[in-house]
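All chains, full assembly: derive it from the sequences and hints.
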Amino acid sequence: MVNVNFLYPRWGAEHVDWNEFLAEVKEQGYYGIEWYPYGEGDANYETVIAQLKDAGLKYAIVMTVKDEPESEADYFQRLEKQLSELALLGQQSLPPLFISAQTGREYFSLDEVYRCLSICDKVQSETGIKIYQETHRNKWAYGLHKIPEVLKKYPDLRFTLDISHWFCVSESYLEDQRDKLLNILPHVEHIHSRVGYTQGAQIPDVTNPLYKDIVDIHLEIWQQWVDLKKINGVKNITISTEFGPPPYLITTGHTDTDYLKQWEQNLWIKKYLIKLLNLT
1 MVNVNFLYPR WGAEHVDWNE FLAEVKEQGY YGIEWYPYGE GDANYETVIA
51 QLKDAGLKYA IVMTVKDEPE SEADYFQRLE KQLSELALLG QQSLPPLFIS
101 AQTGREYFSL DEVYRCLSIC DKVQSETGIK IYQETHRNKW AYGLHKIPEV
151 LKKYPDLRFT LDISHWFCVS ESYLEDQRDK LLNILPHVEH IHSRVGYTQG
201 AQIPDVTNPL YKDIVDIHLE IWQQWVDLKK INGVKNITIS TEFGPPPYLI
251 TTGHTDTDYL KQWEQNLWIK KYLIKLLNLT
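Each step along the sequence shown adds one to the number in the working numbering, with nothing skipped, and position 83 is 83.
Everything labelled a hint here was simulated from the structure, so no lab data went into it.
30 Å max Cα-Cα, derived DSS-like pairs, lysine-lysine: (1) LYS229 x LYS130; (2) LYS212 x LYS271; (3) LYS230 x LYS130; (4) LYS152 x LYS180.
Since the structure is predicted, the reported quantities are computational estimates derived from the model, not experimental observations.
This is the structure we're talking about:
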C-alpha cells in the first residue's frame, strides 16, 4: 500500500498570518506545505521554519529565479545562488523535503538546458536536498515533447509533474502522445494535482460536474504514476493540491473571497484523490 502525504500551497495565502495558515492546513490533515520563500517579502525564513516545526508540518520548496536577469550568464549565476540558498534553509532544524525547480526558458537551447541541469545537480550534491524539474509553461520543460531528448543525456532526471501545463501548451490531452508520457512517469517524484484544460492551466471550478471528464483524464494519469510506485515498492509519495489564486483563478475582485475559493478547490481535489486513487 502507498501512503499519500499531501502538501498545501502557501501560494495565494501570503496575506494570511503564518500561525493561522498552518493551523488551518494542519486541521485539514495535510502533511505539510509547498512554499516559495521569495514570495514572502521580508519574512524571516528561519522563523517560519520554526513555526512549521512547532506545528508538526513538513515543507517542500518551489522556486523560480527571482528578478529579471540581465543576461543568460546572469540567469545561471542567479539560479545557482538562489537554489543553494533555498536548499540550505532549515539545515539545523527542519530542511525541505525537496525543491521543485522551474528552470530555464522555453527558448533555451539544449546546451543551455543542460547547463541548468548541471547547476541543479551541483547544488543537490553539495546540499543533499533533492531537486526536481517542474513541468511548467515558460520554462524549459514546458511541453512533453521536450523531455525525451534531455533524458538521453540526463537519464536520472527527476520531475515534479504538473500535467495541466502540458495539456494547455499542446491544446490537447496528449491522446496521441501517451506512449511518451508513460515513458516519463518513472522519472516523476512529485505531483501537482491541479486540473487544467486545453485552453488554460486551471479549470474554472473543479467542484462543478461540468468538468468531471477533464478531472478524470488527470486522475487516470495520476493513477498510472501511483501504480508505478506500488510496483517499485515505494511506501510514501507526495502530492501538492496546487489550485492557484488569480490569475489562475477567475477573480471575484475580493482577496478574501478568492482565497476561500482557492481553499475550496484544493480541499475538494484532496478529498477526491483520497476517495478515488487506488493505493493498495
